[in-house]
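S.K.: Sequence:
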Amino acid sequence: MAEHHPEIPSEDELKKLPPDGGGYWNRLVFEQSPYLLQHAANPVDWYPWSDEAFEKAKSEDKPIFLSIGYATCHWCHVMERESFEDTEVAALLNRDFVAIKVDREERPDIDQLHMAACQSMTGGGGWPLNCVLTPEGQVFYATTYLPKQGQYGRPGMMELIPTIALAWQKQRDVLLNGAIQLNKQLQALSGVSAAGVLDENIEHQAYLWFEQTFDPEHGGFGDAPKFPLPHQYFFLLRYWYRTGQRQALSMVEESLQAMRLGGLFDHIGYGFHRYSTDNCWLVPHFEKMLYDQSLLLMAYSEAYAATGNEFYKQTAEEVVEYLKSRMLHPDGGFFSAEDADSEGEEGKFYIWRYEELKAVLEESELTWLEQHYCIFPQGNYVDEVSGRMTGANILHLSMHPLVSADKKGKVDHDKATPECWRNQWQLIRQKLYQHRERREHPLLDDKVLSDWNGLTIAALARCSLLIDSSDCLEMARKAFEFIRLNLVDENSHLMKRYRNGNAGLPAHLDDYASLIWAALELHQATLNNDYLQQALNWTEMAVDKFWDSDNHGFYFTEANTDLAVRAKEIYDGAIPSGNAVMARNLAFLYRLTGESRWQTKFNKLIAAFAPQLNRYPAGYTLLLTAVDLMNSPGQHLLFSGAGVAEDILRPLKGKYLPNTLWLAVNDKDRVQGGKNTAVPASFKLSFSGNEPVLCFCQDSACELPITGRDNILSRLNKLVAENRISGNSDAC
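For the sequence shown, the tail end lands on 732 under UniProt numbering, and the numbers increase by one without skipping.
There may be inaccurate statements among the hints.
What the hints assert, rightly or not - List time: in silico DSSO-like cross-link candidates among lysine-lysine, alpha-carbon distance up to 30 Å: (1) 324 <-> 431; (2) 653 <-> 478; (3) 545 <-> 431; (4) 324 <-> 655.
Simulated from the structure, these hints should not be mistaken for laboratory data. A quick note: this is a predicted structure, and the numbers were derived from the prediction, not measured.
With the hints as extra help, turn the sequences into a complete structure.
M.R.: Now the structure itself:
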């Protein structure tokens, strides 16, 4: 929505402004968040979340109007245009409230708590999230989007503001009592009522839920809106791998194919949109989020390794290309998101009018596009409100030459080979891409977040093994160094956000958890034990900062939080929870190092959340992959010898071995004489020479060491064959 937002003053100009921003700006002009800066010229007297705002509310005896959103949120833009840029609404807000703006991506702790309040009060949630608080910060009203004027039985800002202001003056006791009762409910977020034991068949119970809710016609689970939720496919692939249940693999394949063929995927510039508004993955909500690209990259890479289908590898490579072209910071980190809107309309950058396509393409090219990408003069999707054709087209495929049949079983009878098909499409795509580049681009949210970057680094490192991509590995390494250089403070603690040379905000559990995951995946991709050491260091910090010593599990925030409630999150939404990622990290570290303290922490975490998992196991799929890792027979490869990494890893690249881990000792580790705690001392002592050595362990029992490069490679090839995963679809 760039046309609505004036250019932010330079650093020198900002220094000349008064603390309240002056007559034109408000206090948000001094912030780093792109979302807050979007509101810096609003006539609303916005404050960032700060002691100053709460002190003002107390001194003036006013309630707080808290509005939470993010820079690429369509309905946040709508509410800004209708209300926050409106002088009438602003006058009422400034008169009756102290107004606070929060970027949910910078402060997910604030968002999490107030979203829970909204869901408790209304049964729903979303963004923009608008709450009214007491000056002490307790919620007594919550809702999502509000128009300026009431409509369809829904109050508008012009009615709501004076109504709440009057109630604050005349019925304050009622409001305060409601706030107290709600706060008691929210306190339940800070702990677990009782520990328990996981059901023995919990993974099967989760699988049954997916089997029952699977959409056999369109892929995915349940009804619209449909979110990608890649961690569900991580779980189903592991369930198939362990049990041989072919339906689990089929659900993964049909869903991943449908998402890639549909409008959820940007066929011109690549990358996935945030979710589908319909059942068939055609009409997306057009935002592109970094975390979706990351987790889907991992899902398609794993699907390729599990099946050998080049379609999934190609999709993974396209996601990587999107990350490089649009989301990559020049110094190596990754930006957060691209907006759904441009020129005031959602999706305008991505949709195509038939006449426009006709002007750009040759007649034969347009005919080809009509046949393959479902293009029509009247458009190919209907307006949600009117039910009429929009006149616009969203590019999508009903079939693909690398997929033998579409979701309805219709075989692609196009006689062209996949290579010829791809060549024809690339000629057309380049024309459309160049034409589209002349349009106004959606806003890029260019802040770098530790947690989302952790997910991206983990995905790239894993992808580098699964599709054998040195490019992915280099991107992962460079991004990891970017984090270490720019988002680690002088005390080695992580920070949350980096933008324009400015790093700040305390890191939360998700930041540590995701970057530990990233370090572990980089270790597996490189056999460099420095990454393992970094994972161990950050895990120690996470335990120290977030672990609940009484009831177990990890809090989302540190003890010195400025919120009334320290919440614990375990449910996997669009992004896996911090506790789920930490469970995976703990299982990984125990399997890799054999240190019992990680197993103990893992068991306590699982016991703490067992009652919730048992009630609805399908809601905790990433955590179930951690359970699968901890409970599997577990294959462990121990390497030693000079320069073993590249040769040793090659037979394992492109192979789906989800619970096989490897560890190497090199000259550097031996010289350190045990100071590098990442490598067990017993392992250092066991392999002291320079000749390559492999020790293969499973179920806590190890074979005799194998020496010599050829013998090691032979054993690794045998391992791949034994695991039924040979990069060939016949292995299914």
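S.K.: Quick one: which hint numbers does this structure break? Sort them smallest to largest.
M.R.: The structure conflicts with hint 3 only, although it agrees with all the remaining ones.
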